[in-house]
Every structure is written in C-alpha cells, then in structure tokens.
Amino acid sequence: MGRVIRFFAKLKSLKLGVGFWLSVAWVALIVLVAIFANLLPLPNPDSALEAPSNLGPSLHHLLGTDNIGRDELSRLIFGSRVSLVVGFGSILLGILLGGLTGILAGYYGKAVDFSLNSLAIIFLAFPQMILILALITFEGRSLLVITVAIGIVGSPLIFRVVRSATQSVASREYVAASKALGASTSRVLLKEIFPNVAMTLSAFVFIAVGVAILAEAGLSFLGLSVPPPTPTWGDMVNVASSELEQNSILWIWPSLALLFTVLSINVVADRLRMKFGIRESFL
Amino acid sequence: MKRYILIRLAAVVPILLITSFFSFYLLNLLPGNPVDAICGVGCTAAGHVKLTHQLGLDKPMLTRYLIFLKHALTGNLGKSYTTDQTVTQALAQRLPITLELMFLSQVVALLIAVPLAMATALRPGSRLDRYGSTFSFSLLSTPTFVIGVFLVLAFAVKLHIFPATGYTNLTQNVGENLKSMVLPVITLSLGSVAVYHRVLRSDLISTLQEDFVTVAKAKGLSTRYIMLRHVIRPSTLTFVTLASLNIGNLIGGAFIIEVIFQLPGIGLMTISSILQNDYLMVQGVVLVTTVGFVLLSLLADILNAVIDPRIRVARAGL
Amino acid sequence: MSTTQTYMHVSQSSDSAPLLEVRDLKTHFETGRGRVKAVDGVSFSLNKGRTIGIVGESGSGKTVLSRSVMRMLPRHGVINDGQLIFDGQDISDYTDEQMRRIWGAQIGLVSQDPMTSLNPVVRIGRQITESVRLHLKIDKGQANEMAISILKSVAMPEPERRMRSYPHELSGGLRQRVTIAMALACGPKLIIADEPTTALDVTVQAQILDLLGSLQRERNMAMILITHDLGVVSDRCDEIAVMYAGKIVERAPTKYLFSNMKMRYTQALFESIPKLNAPSNVPLRAIEGRPPDLVNPPLGCSFAPRCAYADERCHTLEPPLMAAETPGHVFACWNPVGGMPPPPAHMVERLGVKPVREEKFFKS
Numbered sequence: 005m006g007r008v009i010r011f012f013a014k015l016k017s018l019k020l021g022v023g024f025w026l027s028v029a030w031v032a033l034i035v036l037v038a039i040f041a042n043l044l045p046l047p048n049p050d051s052a053l054e055a056p057s058n059l060g061p062s063l064h065h066l067l068g069t070d071n072i073g074r075d076e077l078s079r080l081i082f083g084s085r086v087s088l089v090v091g092f093g094s095i096l097l098g099i100l101l102g103g104l105t106g107i108l109a110g111y112y113g114k115a116v117d118f119s120l121n122s123l124a125i126i127f128l129a130f131p132q133m134i135l136i137l138a139l140i141t142f143e144g145r146s147l148l149v150i151t152v153a154i155g156i157v158g159s160p161l162i163f164r165v166v167r168s169a170t171q172s173v174a175s176r177e178y179v180a181a182s183k184a185l186g187a188s189t190s191r192v193l194l195k196e197i198f199p200n201v202a203m204t205l206s207a208f209v210f211i212a213v214g215v216a217i218l219a220e221a222g223l224s225f226l227g228l229s230v231p232p233p234t235p236t237w238g239d240m241v242n243v244a245s246s247e248l249e250q251n252s253i254l255w256i257w258p259s260l261a262l263l264f265t266v267l268s269i270n271v272v273a274d275r276l277r278m279k280f281g282i283r284e285s286f287l
Numbered sequence: 008m009k010r011y012i013l014i015r016l017a018a019v020v021p022i023l024l025i026t027s028f029f030s031f032y033l034l035n036l037l038p039g040n041p042v043d044a045i046c047g048v049g050c051t052a053a054g055h056v057k058l059t060h061q062l063g064l065d066k067p068m069l070t071r072y073l074i075f076l077k078h079a080l081t082g083n084l085g086k087s088y089t090t091d092q093t094v095t096q097a098l099a100q101r102l103p104i105t106l107e108l109m110f111l112s113q114v115v116a117l118l119i120a121v122p123l124a125m126a127t128a129l130r131p132g133s134r135l136d137r138y139g140s141t142f143s144f145s146l147l148s149t150p151t152f153v154i155g156v157f158l159v160l161a162f163a164v165k166l167h168i169f170p171a172t173g174y175t176n177l178t179q180n181v182g183e184n185l186k187s188m189v190l191p192v193i194t195l196s197l198g199s200v201a202v203y204h205r206v207l208r209s210d211l212i213s214t215l216q217e218d219f220v221t222v223a224k225a226k227g228l229s230t231r232y233i234m235l236r237h238v239i240r241p242s243t244l245t246f247v248t249l250a251s252l253n254i255g256n257l258i259g260g261a262f263i264i265e266v267i268f269q270l271p272g273i274g275l276m277t278i279s280s281i282l283q284n285d286y287l288m289v290q291g292v293v294l295v296t297t298v299g300f301v302l303l304s305l306l307a308d309i310l311n312a313v314i315d316p317r318i319r320v321a322r323a324g325l
Numbered sequence: 012m013s014t015t016q017t018y019m020h021v022s023q024s025s026d027s028a029p030l031l032e033v034r035d036l037k038t039h040f041e042t043g044r045g046r047v048k049a050v051d052g053v054s055f056s057l058n059k060g061r062t063i064g065i066v067g068e069s070g071s072g073k074t075v076l077s078r079s080v081m082r083m084l085p086r087h088g089v090i091n092d093g094q095l096i097f098d099g100q101d102i103s104d105y106t107d108e109q110m111r112r113i114w115g116a117q118i119g120l121v122s123q124d125p126m127t128s129l130n131p132v133v134r135i136g137r138q139i140t141e142s143v144r145l146h147l148k149i150d151k152g153q154a155n156e157m158a159i160s161i162l163k164s165v166a167m168p169e170p171e172r173r174m175r176s177y178p179h180e181l182s183g184g185l186r187q188r189v190t191i192a193m194a195l196a197c198g199p200k201l202i203i204a205d206e207p208t209t210a211l212d213v214t215v216q217a218q219i220l221d222l223l224g225s226l227q228r229e230r231n232m233a234m235i236l237i238t239h240d241l242g243v244v245s246d247r248c249d250e251i252a253v254m255y256a257g258k259i260v261e262r263a264p265t266k267y268l269f270s271n272m273k274m275r276y277t278q279a280l281f282e283s284i285p286k287l288n289a290p291s292n293v294p295l296r297a298i299e300g301r302p303p304d305l306v307n308p309p310l311g312c313s314f315a316p317r318c319a320y321a322d323e324r325c326h327t328l329e330p331p332l333m334a335a336e337t338p339g340h341v342f343a344c345w346n347p348v349g350g351m352p353p354p355p356a357h358m359v360e361r362l363g364v365k366p367v368r369e370e371k372f373f374k375s
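Residue numbers (our numbering), protein chains in the order written: chain A, 5 to 287; chain B, 8 to 325; chain C, 12 to 375.
Read the hints as simulated data drawn from the structure, not as lab findings. Mixed in with the good hints, there may be bad ones.
[Unchecked claim] Label-pair ranges, simulated between beta-carbon atoms:
{"no.": "1", "chain 1": "A", "residue 1": "Glu247", "chain 2": "B", "residue 2": "Lys186", "range": "18 to 26 Å"}
{"no.": "2", "chain 1": "C", "residue 1": "Ile298", "chain 2": "A", "residue 2": "Pro199", "range": "37 to 45 Å"}
{"no.": "3", "chain 1": "B", "residue 1": "Lys9", "chain 2": "C", "residue 2": "Asp150", "range": "29 to 37 Å"}
{"no.": "4", "chain 1": "A", "residue 1": "Glu247", "chain 2": "B", "residue 2": "Pro122", "range": "32 to 40 Å"}
{"no.": "5", "chain 1": "B", "residue 1": "Arg134", "chain 2": "A", "residue 2": "Gly21", "range": "16 to 24 Å"}
{"no.": "6", "chain 1": "A", "residue 1": "Gly21", "chain 2": "C", "residue 2": "Gly52", "range": "37 to 45 Å"}
{"no.": "7", "chain 1": "A", "residue 1": "Met278", "chain 2": "B", "residue 2": "Thr248", "range": "17 to 25 Å"}
[Said to hold, decoys possible] Partial selection, computed: residues in chain B whose CB lies under 8 Å from chain A:
{"no.": "8", "residue": "Ile22"}
{"no.": "9", "residue": "Ile25"}
{"no.": "10", "residue": "Val153"}
{"no.": "11", "residue": "Val159"}
{"no.": "12", "residue": "Leu160"}
{"no.": "13", "residue": "Val164"}
{"no.": "14", "residue": "Phe262"}
{"no.": "15", "residue": "Ile263"}
{"no.": "16", "residue": "Val292"}
{"no.": "17", "residue": "Val301"}
Think of the CB as a built atom: it goes at the ideal place given N, C-alpha and C, for glycine as much as any other residue.
Here chain A stands alone, though its shape is the one from the complex (with noise of 0.2 Å):
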C-alpha cells in the first residue's frame, strides 16, 4: 500500500499537468474498450439492415447507424483495434528493423555505419505513400501486410534517430570507462547504451505511434487498407463523407476518434520530450 502511494506522489512530482493524464486516461480507454469489445454489450458492428439506416442518435443506437444501418457505436470501438494494432504493431516492428541496426550503425561506425546509413537514405528516398502503396499492391490488403507495410517504411526514420542518439551517447566518457575498465561489448551496449538511448527513443516512439495511425486511417479512407466488413475508423469517414446530404452528423464520431486518439499519443510524446530536454529538430 505505502509502495502505492509512494509511486502516485513520485508520478505527481513529475508535474506532467492535466493534459498529459486526460490524454493517458483517454489511450488507456481506447486500449480498454478494444481488448474487452466482445464483452461489452454491443451490437454486431458489421450486421447491416438491422436498423433503419442513417438514423440519428438514440438510447438504443448512442451515435445512430450508418448508410446501411450498422450500429456507429459499435463500429468505433471494433475499429479502434485496426487503428492500435496497426498503429503500435508497426512502430513495434520499426524498432525492431530500425532500432537494432541503429544501435549498431551507432556504435560501430565505419563500414557497417556506412553501408547501414546508406540503405537508410535510399529507403528515405521513396515518398513514403508510394512504397506503402506498391508494397500493399502486390501483397494484398491484409491486417498484417498493413501493419508490415507501415513498419518498413518507418524504419529507416527510426533508424536514423536510433543511430544518432547511440553516437552521441557512444561518444560520452562514462563509455570509453566501461570498455576501458573491461567490459564486454553486449554489456557495454545493454547497461550503458541502450538505457540512454531508450530515453529518447521513447518520446520518438510515440509520436511515430500517431503518424502510423495516421497513416493506416489514410489507407483505410481511401478503400486500401483492410478490406470490409471489417470496420476502421478512415472507412467509417468515408462511407460518412458519401452521405453528408442525408447525415451529416456520421462523420463526426470517427473523426473525433481519430483526433481525440492521435492528439492524445502526441501531447504524451510532447511532455515526454520536454521531461528529457530533447530538443525538437532532433526528432
């Protein structure tokens, strides 16, 4: 018990402010609702014609039904889980691409540094759309190969900010005394360098989170990311953005999801950022 409240006084003398945990407690909601939605008592998000459709809403409909009369609620919270497992899947794999061969561009330097970095900037040299777009062409439009797609296009980036952090830190004194006092390579690089770097991969990550989520929402408005019944939030967007004439109210629950979401993950990674006083351009 005293351990418990010990960490709630340590959280609340980091003075994060009341945006930083509206903005914890609303992606903890999201997460929430996305794990449990089977339990919760909802409506089958993708039963069609079940009500009248473009119905305003009601007690029995919260946020109304859509153009084919689909439950707007229930389609929210299943299409939360594209956004999350798309948006924290292909960072997860950004790191695992970018952040390992950054690490070690970073602290070996030389030739790997050369031939690594160099990959990166040819990888950089692609509009990022494009290469989503012809690797979704000619993979098909699947949870996974959206998730993939997302997490190789932002490896090189990640990479890149991997491999910088490492070099400053590689660079720093208290390095040169650990290899000097002995210390093998593989605890060199997890006790000194990875803690150190992990610091400022951790505001990067989150903001990388958003922009991935971004970007699948982006896909999936424009009928290219997974393929229906299966609801997403840019899909919902769209199928609402044919019927402004008849609701123009649908538009919104999805939109605001989206918003509510993203802005959340950045004004995190923003505190994040200034917590750690890592200046801006860097990321």
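Got chain A sorted already, so can you dock chains B and C onto it with the hints?
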C-alpha cells in the same frame, strides 16, 4: 557556387539509378507475381508461361532492368492493362493536376505559416503564440481527410460556395479551375502550415538569441529590418530541408484529397490502378514520383547553399 | 597627464559635464526561482574621451550592466530602476523607438565573440553599411566608400575585397576588426566593448586592444571596457570599477586602484593574475568558492563567504561604498587592505581643514 551545383547534379545520377533500380527490383521481387495478377484465378499453366514470356519476365533480372531503363529513358513506360492508354500518356494527362494542387497548397501554406511563425517567435509565450502552438499541434493530429470532409460539409453541402467535386482544366477556364481548387488546396495546405509553423518558429527563436541579432539591434536597426535581413535567412536551413522531405507527406495527402474531391490527378489514377492490379501503371507512378522527389531534394540542397554561403565551401568537397 | 587631471574627470565636481552618468542603476529579472538582482545599485560617470574598465568574474553582472546602460534588455520580466543620463539627455525612460536613434549612432557595441556576433549569411560590406545608411541617411555608393575607409582605419588588409566577403572567410582577429568597424561606423560618442578579446588568440588580443585604444584617442570617444581580466584594463583605462554580485565593490582611478587596493575581492582578483616578474614556482592564487546566488544573496557583504578576512560584521552588515585616502576612490569593505582610511577629503574640507594634495599622498 556553380561548382557546387555541378557536383550535386553529378551526385544525383547514381542516386537516380539506384532508386529506379530499387523501385523496379522491389516491384519485381515481391511474391505477388504480376502474371498472377493479370492472369487471374482461372489461369492455366500454359497460359501462365506464355504470359510470362510475353511480358519478358523470363529474362534475367538485370537484363530486364536495362530494358526497362532504356524504355523509360525514351518515355516508354509500357501500356496500361485496364485502359488503352500508355502509362506515359496517362501520367502526362494526370500529373499537371496533382502538381497544380501541390504547388498551390505550398504557396498558401507558406503565406500562412511564415508570417505566423515570425509573429509568434518575436513574442514567445504571448497569447498569439500559445494559440498558434495549440492550433498547429492539433492540426498535426488531424487526418487530412477529416479536414477535407469538414470543408466539403461546410462550404459545399451547407453553404454552396464552392463545388464539392469536379474539375475544370486550367487551360479551359482559369476562374472555374481555381474555384474547383479552393477546397482541395486549403485542405492540403493546412497540414503543411502546422509543420512549417512549428519548425520555423523554433528556428526563428533560436536565431533571435544569437549574438549577431543583439549586435544588429545595437546598430539601431528596426525589429522589422532585423527580422527580414538578419533572422529569416539563417533560420530557413532546417526549414528548406524539411519542406523537401514534406513533399513525401504531400504526395500521400494529395492522393487522399483527389479521392475526396474527385480530382482526376495521379492519386485517383494510382488508387484505381492498385485496386485493379494494373502493375505497370503503379510502376510508372513509383518511378515518376521518386525521380521528382530526388530532384526536389536536390533543389532544396542548392537552395540551402544559396541561403548559407558556408555550405558551398563545406560540402563542395563531397 | 597629471594625476590632478585624472582626478578631475572622475570627480562629480568636474566642470565639464560627463558624457554618461549612471545613478543607482538596478536591473532585476523575474524568474521562476525568484527575483535575480543582476545589477543592484550601480553608479558611475564617464567623461568624453575617457575609458572606464568594468572588471568582475563571470556572473558578476557586468554584461547585464552593459546591456542595461544601453537599455537593450527585454522589457518583459525585467525591472529597471535608476537614472541614465547620456550626453545631457535622461534616457532612463526612453522607448526602443527613441533608443534606436542612439543605438549605433551615438553608442556602439563591440561584443564578445566575433565568431557569433557577425551574421554568417550577410556580406561584411552590408553589415557595416546598413547602420551607416540608416543613421547618416546617405546613399549606397557613399556608404560603401565610407565602409571601406572605416575598414582601412581598423587596419583591415584589402578592404575593397573584404567588403564582399562572408564572415567565415575571415580569421578571428579580422572578424573582431570588422565588429569594431561596425561599432565605429557612425562615429559614436561612446563605445561599449564587452570582453572584446576573450574569444581571441592571446597573440591577437593586444593588437585588438591597442587598435581600440588608438581609434578611441583619434575620435575622442568614451569607452566602457568590460573584462574579467584585471590585467587587460590595467594600462588601458582611466578608471576601474570592480563588480561583484551585481554591485560595484571598488572604483578608483587606475593608478590608485593598483597602488592602494582596498577591497579584499579586488586583491584576490589581482593575485589571480599571472605575473611575468614573479618567480615561476609561485603558485597562482585562485579565488575559492563561487559567486553568490543572485536570487538569495548572503546577508552582509556578498563576498564574505569566500573572504579569508571576513569577521562577524561582514556576515551581518553590508558595507557601504566608503571613500579611500586616494581621491575619486571608493570601496565597500569592513576590513580593507591597509586598514580603514582617515575621514575623506571633503569631510575634512567641510571641517575647515585644508585638503591634502594628492601628490603628497604618494610620497607619504
């Protein structure tokens, strides 16, 4: 200066070769074989082999690339499977529309972001600055299509000021063309405004703290003169590089906007090509956009050298 | 130059009105931690063509003082108090708009680091001519000619060619010549040189200081020379003010300061200068400790925590500026070097006793 530009230009050639090979390689190495895509479900083994030969896909990789490059250099990017146009024709017809959209949106974005950044950087922490920062921060978290849908609802569906969809060619009627471009351009520019304002503001603030700004003030120069003559130029280095990187985002944004407003640019074309597995078309788009992207990065480098004389010396050796 | 003349110009009783008078100047900053008293009640005056040296460690408030005198500090979050009289006008309440007619035209600034005080993306020529054209209202051609002649006067080799150079093409010493040329361009009456040689190679330092000195004599300009190095000011200033924790703790005509040093902090500063004639095995005396926190300065004398001679009074009561035996010489110390001086000359005068001539002081 001339020497610097020549060196940079020479460096672009290998980059273009690598990226074009890469885009070719990538599209060809992917397991989803274009033959499967064209042949479809009811494809016989013999038909498969025949089509592979027809498309020249049985030749070695490098040979195929050289053939592709030779054709590409003569403007031959193949023929669409779905329409009877050649890829080059389709691009020539669609590209100007997308370029107009991107160009106008950048003009609008700069017209908003630069004065806003200057005003907020002069008084960091002021009311204007706090509102400006919140505005940019929220814009960065808003998907382009949400802004687009909102503008359609407000100005087309409710107010009937601008058309929601439809496009008039620039050569037919300039007024109508611009009218059909207003909403798409505003939508696309807003995202750039947010990025530009944030970066330019923080660069301006750090330049304003430089000694040479104090010295300029001690010469009795006005704030306006100092801002325009001494502060803007050194602050635009990161900004120009960023603007060239932002082109990548802009292409993604343009695609989405073309769908919302039904502008017949390359975005709309690419998406229907993807949905119909028209792979030569996609390859053509990848090639053209990548080359354009590389050339714009080159332009940004040259612009940076014009802005900062130190770069000409430091990087000419590379 | 006789000592009497030296005395005359620093004295308030001088007939010629001083070019700059600073009376009880205070500059405080509001920060998250509290109010920082960067400059706290500084007074001095400076006549035409004279030089005052302001000496102190980093953090003693000397740079803030120079900006304060120029009224170049931001208005927001800064409390300014005291009186500034420049060339007969009270500029204490001047707005930026009014100051712009004085900045550059009447007061020139030579700032610390020539690497950062020139705009890297603007040609040397424009950086000099922009203020000339603004203040003297002359056309581009005339301004260019003028800039070339100023560059010549700061001994810049090939001035015509240098006009088209960018700062990065020049060495540190040449760049500082450019900043001096910039400060002199409009013929100001006062030059404020803020550590003009700190960032330069030792070999160049003397050249730049000599250049500043000779230009000053030629043009009859007054100068405030700010430095942390007592050695720099020793033979280039008419008067020296030693600053500590935002206050002037000793001020005297140069020769008296060195011959009759009173304040313990001045003494410590003096002993920390390497001396050429000292045996090489004599260790340099560094001043222990750090300058005090300007938000919560210590009670009493602000130097007391670092002073070997401090007694109880030093820790509780702040010493006022007191007159020393030597004329025009004030100091703030309860236990001065050589003991407390006799009552000051003007007090003696008022009591009807004939004042002691300063020449006699030196003989005794």
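- Message: Could you work out which of the previously given hints the structure breaks and list their numbers from low to high?
- Response: none
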